[in-house]
Structure formats: C-alpha cells, structure tokens
Amino acid sequence: MVRGLAIFASALLWAQAPDPSNGSAIAPDPDVEFLCPMDKDIRSKTPGNCSRCGMKLVAGLPDPHEFPVRITTKPRVLKAGEDIRFTFGIEDPDTHKPVRDFEIVHEKLYHLFVVSQDMKFFIHTHPELQPDASFQLGLRLPKPGLYRVLSDFYPKGATPQLIASTLMVPGAGFKLAPAKLEVDVKPQHSENVDTELVTEPPQPIVGEKTLMFFRLKPNDSIEPYLGAMAHMLVASSDLIDMIHSHPFLVTDANDGSYKQIQFNMIFPRTGVHRVWVQFQRKGVVNTVAFNVPVNELR
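Taking this note's numbering, the leading residue of the sequence shown gets -12, the next gets one more, and so forth.
Read the hints as simulated data drawn from the structure, not as lab findings. No experiment lies behind these values; they were computed from the predicted model shown.
Cβ pair distances, simulated, as ranges: (1) E169 x D81: 43 to 51 Å; (2) G194 x Q117: 36 to 44 Å; (3) Q117 x N282: 41 to 49 Å; (4) F108 x V170: 15 to 23 Å; (5) P34 x D105: 43 to 51 Å; (6) G144 x D119: 19 to 27 Å; (7) T153 x H113: 16 to 24 Å; (8) A164 x D70: 26 to 34 Å; (9) N251 x R63: 36 to 44 Å; (10) L163 x T186: 25 to 33 Å; (11) T186 x R63: 39 to 47 Å; (12) D81 x L116: 18 to 26 Å; (13) T257 x P34: 37 to 45 Å.
C-beta: ideal position from N, C-alpha, C; glycine also.
Based on the sequences and whatever the hints tell you, model everything.
Structural data, given as structure tokens:
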C-alpha cells in the first residue's frame, strides 16, 4: 500500500436494521462499501477481509490525523556499534495521552524500518509493547551518520500511520549528504532465492504507475511473510520520500519456472530510488535491494 501518509475515505454507513414498529425492513443501501484501511482501493459490498493484506474491511474510516511518535534512547548520546535501547511513545493528537490500543497489522502491532543515509544499512523489525503503552527495541547502528526511522502502526479507532523520524549518530566521518546511488536493476541472489526485477514501462516515469514484477526462483516453498507474500520499502536517495507497500498480484509463470510478485508503484520524484523487497522461502526471510532510475516524461 502506498501511504505517504494520508488515507481518505468518505463516510460510509451500515445498512439500517429492520424497524419492528411497522414490520417492514429497510433495504440495504446499495451505495455502502466496505474498504480496507491499509489498501483503500480494495472495496466490497459485503463485510470480509482484504484480498491483498488480509485486514478486516470496514464500513468507514475516520478523518486522518497524524499520531506523534516520541523516540527516546538509552544512552541519550548515540554511539555507532554500541547497544542502544529505543523507546517509542505514541501520543493521541486530540487528548495528548499515550495510545494504548492498537490493531494488529501483518501479524504485528508495530513495524519499524531503519535506513542509514548511505542506504547500506536497512532493517525491518518489530518493537515490543510495554506495560506503560510504549514500545521498546534494542538495536545497534553500524556507523556515524543520519538514520531515517519509519514507524508503521494502527491506533484503534483511527487510521493506519506511517511516521518518519530522524536520528543522528555522531562520530568520526559524520557528514550529512544524500546517498549517491548508481542504477542497479540486475538480478539479485539472497539467502535461498534468486530475484529478477522487470518493470512496465521499462523506464519508470515520475507520477505515473509503474508495474514492478519480482520473479523468484526456485518456485517452491515461497510462503507468506508477516501476513503478505512480500513487503516492499521504496526510498528516494535523500530519504525524504519513503513508501511501504504490499503486493498487488501473485502469479506463477506458465511453465512454473518462477513465481511473480507484482507491486504497483507511483514514484513521486525523479532520480534513483532504492527498493528493498522481502520474501520468505522455507522459513527463511530474504531481503534484496535494487536501485531503480525514475525519469520525467519526455
């Protein structure tokens, strides 16, 4: 799901129950639609679950509000290569009180992505909920520099959130500069999967839909990872644009030689974007990365 993040939906009402006073039933409203909070293009006339991410469809979403995330660390001054205890506190924007109730999304309450400014460090992990309603995580950051931290969670009664924060790790060689990414779309080999990327159109165009086909070999024992057949994170080289997405379609080649996992992507800006994709085969999580060029329409 592309979320930058604003999820907008018109108010949708449940069909009224029969009125016992006159013995007649009011017909269901044919305009009522149930939609997925994560993938709002998935809609249905009846209740159920999202065919893409598995979340429960709802008959309406509240207006979106951003939920602030307060990050504290121990030690307070970060040091590269040393253990750091992170605490994430989420605040209700209306009451300014800690949020205590969350929806489970892709088998977890909290998804966290951390990316270094040179884009050589990437992690997708899951802080644990504490009795005081905060989330905690232990982590080491490998080198001095800027790190972007993407918090993905869903407060009950609100809308899914994708909140970006920035951390600085001081030290020798610290320098603020965007990553210099060279185009790299060649096939990748990871733990136990070979992955080829094919795009349509072959040259992605800014602002237009790009179909991204990840072809996995061998085509056996490819299984869901955290409730989806794949997870994708896309980041611009300056780490300003960061998008977490899930597959649109999963198919097999006609001869069965590979499994194809399709994402639909609209790149917001030109330039080379880093694309991380995670799959699972035989219980092993595979992470691959491609540097995808995005041009203007000429």
